[in-house]
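Visitor: Produce the complete structure using the sequences and hints provided.
Which chain is which? The protein sequence lines are A and B, in order.
Quick note: the first sequence uses the working numbering, first residue 1, plus one each step.
Quick note: the second sequence uses the working numbering, first residue 103, plus one each step.
Treat the hints as calculated values from the structure; they're not laboratory data.
Cβ atoms here follow ideal geometry from the backbone N, Cα and C, with glycine treated the same way.
Where hints are given, some of them may not hold.
[What the hints assert, rightly or not] 20 Å max Cα-Cα, derived PhoX-like pairs, lysine-lysine: (1) 67(A) - 94(A); (2) 372(B) - 67(A); (3) 23(A) - 372(B).
[Unchecked claim] Cβ pair distances, simulated, as ranges: (4) 362(B) - 46(A): 48 to 56 Å; (5) 362(B) - 64(A): 39 to 47 Å; (6) 74(A) - 233(B): 31 to 39 Å; (7) 184(B) - 91(A): 35 to 43 Å; (8) 233(B) - 40(A): 15 to 23 Å.
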Amino acid sequence: MADPMRVRAAENGGIVDVKILMKHDMEAGQRKDAAGKVIPAWFISNINVKANGKDVFNGQFGPAVSKDPFLNFKYKGAKGDKITVSWVDSKGDKRTDEATAS
Amino acid sequence: MQRKLTLGLATALVAALLTMTSSVFAQKSATDDIAKYREMIADGNPSELYEAAGEELWKKPAGPKNATLEKCDLGLGPGVVKGAAAQLPRYFADTDKVQDLESRLMTCMLFLQGRIPQEMIDAPFQRGPKKDMEAIVAYVVTLSKGDKIKVSTNHPKEKEMYDLGKRAFFFQGGPMDFSCASCHAEDGKRIRLQDLPNITAQKGAALGWGYWPAYRVSSGQFWTMQQRLNDCYRQQRFPFPIYGSDVTIALSMYMAKTGNGGTVETPGLKR
Numbered sequence: 001m002a003d004p005m006r007v008r009a010a011e012n013g014g015i016v017d018v019k020i021l022m023k024h025d026m027e028a029g030q031r032k033d034a035a036g037k038v039i040p041a042w043f044i045s046n047i048n049v050k051a052n053g054k055d056v057f058n059g060q061f062g063p064a065v066s067k068d069p070f071l072n073f074k075y076k077g078a079k080g081d082k083i084t085v086s087w088v089d090s091k092g093d094k095r096t097d098e099a100t101a102s
Numbered sequence: 103m104q105r106k107l108t109l110g111l112a113t114a115l116v117a118a119l120l121t122m123t124s125s126v127f128a129q130k131s132a133t134d135d136i137a138k139y140r141e142m143i144a145d146g147n148p149s150e151l152y153e154a155a156g157e158e159l160w161k162k163p164a165g166p167k168n169a170t171l172e173k174c175d176l177g178l179g180p181g182v183v184k185g186a187a188a189q190l191p192r193y194f195a196d197t198d199k200v201q202d203l204e205s206r207l208m209t210c211m212l213f214l215q216g217r218i219p220q221e222m223i224d225a226p227f228q229r230g231p232k233k234d235m236e237a238i239v240a241y242v243v244t245l246s247k248g249d250k251i252k253v254s255t256n257h258p259k260e261k262e263m264y265d266l267g268k269r270a271f272f273f274q275g276g277p278m279d280f281s282c283a284s285c286h287a288e289d290g291k292r293i294r295l296q297d298l299p300n301i302t303a304q305k306g307a308a309l310g311w312g313y314w315p316a317y318r319v320s321s322g323q324f325w326t327m328q329q330r331l332n333d334c335y336r337q338q339r340f341p342f343p344i345y346g347s348d349v350t351i352a353l354s355m356y357m358a359k360t361g362n363g364g365t366v367e368t369p370g371l372k373r
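Guide: And the structure:
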């Protein structure tokens, strides 16, 4: 499993505000290193967020998203919701983290 | 008749809008907008990722002695991390030296874990053992966030470091005859859109010392204070100082003491 994410969820008036910080280099495949060689592309391709087992967010990231992506969105939910964030990257590496809406 | 009225109304409306917008722009400067942008992204400070990694490394056995850093004394007692960074640099009796955070961590890594400091010193920034150091620094400084900068010069060696730091700050050299003071000794200076704090005064020193270490968005990296100082020397086209050397600790002492009373805002978020 890759490096851990920071997941925070705060509920207010029936709306849960979810903030996710992911650790990932997100290489677009366009950069060259000091020796002139292309740094291979390596980025998060898909991200899925579930609240209590139900999808609340699905995203197709790609080379356009920059390093250490920060994702912030809201959905209709309640305190105590179990939020599960999972991503898959272009090399097949995965990461899943959880948080509870407070 | 109607067309003339509409035209008249339209011109009046445009004129009103133009005067409105120009007065609004007059109140905001480019640096105000940058400050607003910083507030907006403050919630997603990637330093937190480094802090989380650093906390794990603090508790993970490492080095030939296979020990954790949990007994490391950063000045407030073995294992006390909360508030420790706010009172560094300081004199340590066990090494008989004034040390900043990173040189003190190297001491702990040596005494507790058996890790050789020279490997850390020689490693390039952001690579190898320095990656561990950066994460641990992020963890330690986060636990001083909100505290007041409080360094002392009571011990004669601390006073000596402060004096050396002050001299180094004003020492002109290198191919462009620069010193730290060339950029950081006057109010209201900036390079392009980057405001330069006046480090010779309390307010500016607190802005400089209190906001680094920080995550630099432009390079996607977490920079420790040692890296920030190293880069200052690079910008002046001076030779690079040795990692953890006396001049870096002296300058740190000078900046911290001058900034005393200011608030620790680390880990910062920089352009």
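Visitor: The structure should be examined with respect to each hint, and the outcome stated for every one.
Guide: Structure-based check of each hint:
A hinted pair counts as satisfied when its Cα atoms are at most 20 Å apart, and residue 67(A) with residue 94(A) qualifies at roughly 16 Å. For the given pair, residue 372(B) sits about 15 Å from residue 67(A) by alpha-carbon distance, which is consistent with the 20 Å threshold. Note on residue 23(A) and residue 372(B): the hinted pairing holds, with a Cα-Cα distance of about 18 Å set against a maximum of 20 Å. Hint check: residue 362(B) to residue 46(A), Cβ distance near 50 Å, so the stated range 48 to 56 Å holds.
The hinted range of 39 to 47 Å is satisfied by residue 362(B) and residue 64(A), whose Cβ atoms lie roughly 45 Å apart. Take residue 74(A) and residue 233(B): their Cβ atoms lie about 35 Å apart, and the range 31 to 39 Å holds. A hinted range of 35 to 43 Å for the beta carbons of residue 184(B) and residue 91(A) is consistent with their spacing of about 39 Å. The hinted range of 15 to 23 Å is satisfied by residue 233(B) and residue 40(A), whose Cβ atoms lie roughly 20 Å apart.
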